[in-house]
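Order-wise, the sequence lines are chains A and B. Sequential numbering of the first sequence, starting at 0, is according to numbering that gives the first Met the number 0. Sequential numbering of the second sequence, starting at 0, is according to numbering that gives the first Met the number 0.
By construction, these hints were calculated from the structure, which means they are not laboratory data. Check the hints yourself; a few may be wrong.
Said to hold, decoys possible - Here are some, though not all, of the chain B residues that point toward chain A, as calculated from beta-carbon distances under 10 Å:
1. Leu2
2. Leu10
3. Pro25
4. Leu35
5. Asp38
6. Ser100
7. His101
For each residue, glycine too, the CB sits at the ideal point set by N, CA and C.
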Amino acid sequence: MFGPLGIGVLYGKKELLEKLPPFLFGGGMINSVSYEDAIFLDIPEKFEAGTQNIAGAISLAEAIKYIKKIKIGNIEKYEKELLQYALKKLSEIKKIKIYNSEKEKSISLISFNIEDVHPHDVAQILNDNKICIRAGHHCCMPLMKKLGIPGTCRISFSIYNSKEDVDKLIKGIKKVKEVFKK
Amino acid sequence: MSLEMYKEHILDLYKNPHNKGNLENPTYEFSKNNPLCGDEIKIQIIAKNNKITNIKFNGIGCAISQASASLLTDKIKNMKVESAKKLTKEDILEMIHIPISHARLKCALLPLEAMKGVLENA
Numbered sequence: 000m001f002g003p004l005g006i007g008v009l010y011g012k013k014e015l016l017e018k019l020p021p022f023l024f025g026g027g028m029i030n031s032v033s034y035e036d037a038i039f040l041d042i043p044e045k046f047e048a049g050t051q052n053i054a055g056a057i058s059l060a061e062a063i064k065y066i067k068k069i070k071i072g073n074i075e076k077y078e079k080e081l082l083q084y085a086l087k088k089l090s091e092i093k094k095i096k097i098y099n100s101e102k103e104k105s106i107s108l109i110s111f112n113i114e115d116v117h118p119h120d121v122a123q124i125l126n127d128n129k130i131c132i133r134a135g136h137h138c139c140m141p142l143m144k145k146l147g148i149p150g151t152c153r154i155s156f157s158i159y160n161s162k163e164d165v166d167k168l169i170k171g172i173k174k175v176k177e178v179f180k181k
Numbered sequence: 000m001s002l003e004m005y006k007e008h009i010l011d012l013y014k015n016p017h018n019k020g021n022l023e024n025p026t027y028e029f030s031k032n033n034p035l036c037g038d039e040i041k042i043q044i045i046a047k048n049n050k051i052t053n054i055k056f057n058g059i060g061c062a063i064s065q066a067s068a069s070l071l072t073d074k075i076k077n078m079k080v081e082s083a084k085k086l087t088k089e090d091i092l093e094m095i096h097i098p099i100s101h102a103r104l105k106c107a108l109l110p111l112e113a114m115k116g117v118l119e120n121a
C-alpha cells in the first residue's frame with residue numbers, strides 16, 4: 000500500500016486485545032509501577048513500549064490518505080482491467096501454464112510457468128527487458144511439491160502499471176521462449 | 000546483460016545434461032538444496048581404489064545449476080577422490096565460463112557443494 004518499510008498495523012477485537020499481556024516492556028506503556036505490581040496503560044499504548052517508529056507512522060498515514068484519495072474501488076477496478084488484459088495476452092502464447100483458479104482470476108496477481116524453463120531463468124531474462132517479477136517457491140514449498148514444480152513465476156499489478164507494461168512482459172516472455180527453444 | 004549468461008553451451012547442457020540420472024549401487028551419495036530457490040540436487044558416485052569410476056546427478060534446477068552439474072560431473076569422472084576434493088569455486092567458474100551475477104552464484108555452486116558432501120565420506 001505504498002507505505003514505508005518497518006511498520007504495520009495490528010488489527011484485533013478490542014476485548015481480546017485488552018486481555019493480552021504486553022509483549023515488550025519499556026517507556027510510554029505504564030500507568031504506575033511499584034516493587035509489588037505494575038499497571039499498564041490501556042490499548043494501544045500497552046503494546047507500544049519505547050520510542051515509536053515516528054517516521055514510519057507518519058509515512059504510513061500519508062500512504063493511507065493517498066489510497067483514500069484515489070479510492071480503493073478505483074484501484075481494484077483498474078488492476079482488474081490489467082489482470083484481464085494480461086490473462087488474455089498470456090493465453091495466446093503456447094506452452095504457458097497459468098496456476099490461478101477461476102476464483103483467483105479476480106485478484107491482480109498471476110502465477111505461471113513456461114514449459115521446460117525454470118522460473119528463475121524466466122525472471123533473469125525478463126529482467127533484461129526491465130520487467131521485475133517474483134520467481135521461486137514464494138515461501139510455499141509444500142504447495143510447489145504438491146504441484147510437482149520447483150516454483151512459479153509471479154506477476155502482480157498496481158496502479159502504476161499500464162497495458163504497455165503487459166505488452167513488454169509478453170515481449171519478454173517471447174524472448175525467453177526464443178532463448179530456450181529446443 | 001544477463002543474456003550473456005545464457006550462452007549456447009549452457010543452454011545445450013540444460014536441454015541435454017551429462018551424467019543425469021541414478022546409479023543402482025552408489026558407493027556414496029549426498030543431496031544438497033539451495034534454500035533461496037528450493038532447488039535440490041543429488042550426486043551419487045561409485046568409488047573404487049580411491050578413484051571415482053562413475054557419477055550421476057539428479058534434481059530439478061535452473062539452467063545455470065544444471066549446466067554446472069553436467070560440467071562438474073564430467074570433470075570428476077575418473078578423477079582421484081583426493082583431487083576431486085580439491086576443486087574450488089574458481090574451478091567451477093572457469094568451467095561454466097560465463098559472467099555470473101552475484102544472485103546466481105549460488106546456482107552455479109550448488110553442485111560443487113553437493114559433491115563436497117559426497118566426498119566427505121569417501
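Okay, the hints, checked on the actual structure:
no.: 1; hint: Leu2; verdict: 6 Å, holds
no.: 2; hint: Leu10; verdict: 7 Å, holds
no.: 3; hint: Pro25; verdict: 24 Å, violated
no.: 4; hint: Leu35; verdict: 8 Å, holds
no.: 5; hint: Asp38; verdict: 6 Å, holds
no.: 6; hint: Ser100; verdict: 8 Å, holds
no.: 7; hint: His101; verdict: 13 Å, violated
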